[in-house]
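Going down the list, the protein sequences come from chains E and L. Using this note's numbering, the letters of the first sequence correspond one by one to residues 1 to 177. Using this note's numbering, the letters of the second sequence correspond one by one to residues 178 to 254.
Hints are computed from structural coordinates only; laboratory data are not their basis. Wrong hints could be hidden among the right ones.
Stated by the list, open to error - Covered stretches of chain E, as calculated for chain L (at least 3 residues, CB under 8 angstroms):
| no. | segment |
| --- | --- |
| 1 | 137-145 |
| 2 | 158-166 |
Claimed, not checked - Result set (EDC-like, lysine to aspartate or glutamate): computed pairs, CA atoms no more than 16 angstroms apart in a straight line:
| no. | chain 1 | residue 1 | chain 2 | residue 2 |
| --- | --- | --- | --- | --- |
| 3 | L | LYS226 | L | GLU243 |
| 4 | L | LYS226 | L | ASP239 |
| 5 | L | LYS225 | L | GLU244 |
| 6 | L | LYS226 | E | ASP83 |
| 7 | L | LYS225 | E | ASP155 |
| 8 | L | LYS226 | E | ASP155 |
| 9 | L | LYS225 | L | GLU210 |
| 10 | L | LYS226 | L | ASP193 |
| 11 | L | LYS226 | L | GLU244 |
We treat Cβ as the ideally placed atom computed from N, Cα and C, and that holds for glycine.
Here are the chains, one letter per residue:
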Amino acid sequence: MAGSFWRRILGAWRCFSPAETRPLADSGLAAPPAGSDDARLELPWRHSWEHLPKRTAGFGFTHRDYRSARRRAEEVARLTLGDDLWRRLGRDGHLDLPSRRYLGVTYRLRVGLRIEVLTAPGVALPWRHPFLCINPTYPLPELEFFAQLYLYVRDNEDEVIRVAAPQPWDQPLGRTF
Amino acid sequence: MGRIIVANRRGHQVVDWNTTDTEEARQTIQEAERILDEARAAGCAISKKVDGVHVLDHGRFDPAAEEYQIIAPIAGG
Numbered sequence: 001m002a003g004s005f006w007r008r009i010l011g012a013w014r015c016f017s018p019a020e021t022r023p024l025a026d027s028g029l030a031a032p033p034a035g036s037d038d039a040r041l042e043l044p045w046r047h048s049w050e051h052l053p054k055r056t057a058g059f060g061f062t063h064r065d066y067r068s069a070r071r072r073a074e075e076v077a078r079l080t081l082g083d084d085l086w087r088r089l090g091r092d093g094h095l096d097l098p099s100r101r102y103l104g105v106t107y108r109l110r111v112g113l114r115i116e117v118l119t120a121p122g123v124a125l126p127w128r129h130p131f132l133c134i135n136p137t138y139p140l141p142e143l144e145f146f147a148q149l150y151l152y153v154r155d156n157e158d159e160v161i162r163v164a165a166p167q168p169w170d171q172p173l174g175r176t177f
Numbered sequence: 178m179g180r181i182i183v184a185n186r187r188g189h190q191v192v193d194w195n196t197t198d199t200e201e202a203r204q205t206i207q208e209a210e211r212i213l214d215e216a217r218a219a220g221c222a223i224s225k226k227v228d229g230v231h232v233l234d235h236g237r238f239d240p241a242a243e244e245y246q247i248i249a250p251i252a253g254g
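Let's have the full structure, built from the sequences with the hints guiding it.
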């Protein structure tokens, strides 16, 4: 189960050359490939991303760019979540967080998918539908956004409740890739 | 030495600042603070590493912090 999960999530991200894996000297994080566009700092909140097709990072993004971005995202997601949660994600394929606003409600976070809302027996769903569609406002690798969404649900559930779009079915997020 | 992890479609990029008592170091601190302020003003959340764990943070920029992350604003649908 866990092996299958990681193969699905990470398998495609392992196919990169050794040159792409060279870490930054002090950060412990991988550096953008030298000489490429991503050597420049990109501050995504400065731009509009509405024109992008779903689940893409933009025109001109190559397969190599996607692989590199997903690899770096994995590093940050692991740093953000910490080793215990990272292991749990690998084992279970999801992370559960109990709601602090709704007694008996648990948010199930899955990589690249809507939040699934679970309820204890006898507890009514706070929304009409059990899947909450929440996207970043700019494109991010799905593992990176997963870790960010975890922080939102744990530390700022009110914002999650404010923006959540309840849906009757599960579906991949549109603004991650 | 601290750093900001800027999550973007590249996965992330890193902005470092230096706390040594030099003019160059002060400029790195000012630049780091400016980026965090700009991100907040644009609706981003900020997380700060506290005791080894990232938590959403609403405080002012702290040059003594080990690490910040800029967290994308979220929207439904």
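Going through the hints against the structure:
Note: the segment 137-145 of chain E has 7 residues with beta-carbon separation from chain L under 8 angstroms; the three-residue rule is met and the coverage holds. Remark: the segment 158-166 of chain E is confirmed as covered by chain L, as 5 of its residues place a Cβ nearer than 8 angstroms to a Cβ of that chain, reaching the required three. For the given pair, LYS226 of chain L sits about 7 angstroms from GLU243 of chain L by alpha-carbon distance, which is consistent with the 16 angstroms threshold. Restraint check: the Cα-Cα separation between LYS226 of chain L and ASP239 of chain L comes to about 11 angstroms, which is no more than 16 angstroms; the hinted pair holds.
Under the criterion of a C-alpha separation no larger than 16 angstroms, the hint pairing LYS225 of chain L with GLU244 of chain L is consistent with the structure, at around 6 angstroms. Taken as a hint, the LYS226 of chain L and ASP83 of chain E pair is honoured in the structure, with Cα atoms around 14 angstroms apart against an allowance of 16 angstroms. In summary, the hint linking LYS225 of chain L to ASP155 of chain E is supported, as the alpha carbons are separated by about 12 angstroms, within the 16 angstroms threshold. For the hint linking LYS226 of chain L to ASP155 of chain E, the alpha-carbon distance of about 13 angstroms falls within 16 angstroms, and the restraint holds.
Taking the CA atoms of LYS225 of chain L and GLU210 of chain L, the gap is about 13 angstroms. The hint holds against a cut of 16 angstroms. Of the pairs offered as hints, the one joining LYS226 of chain L and ASP193 of chain L holds, with about 15 angstroms between alpha carbons and a cut-off of 16 angstroms not exceeded. Distance hint between LYS226 of chain L and GLU244 of chain L is fulfilled; the C-alpha atoms sit about 5 angstroms from each other, no more than 16 angstroms.
Of the numbered hints listed earlier, not one is contradicted by the structure.
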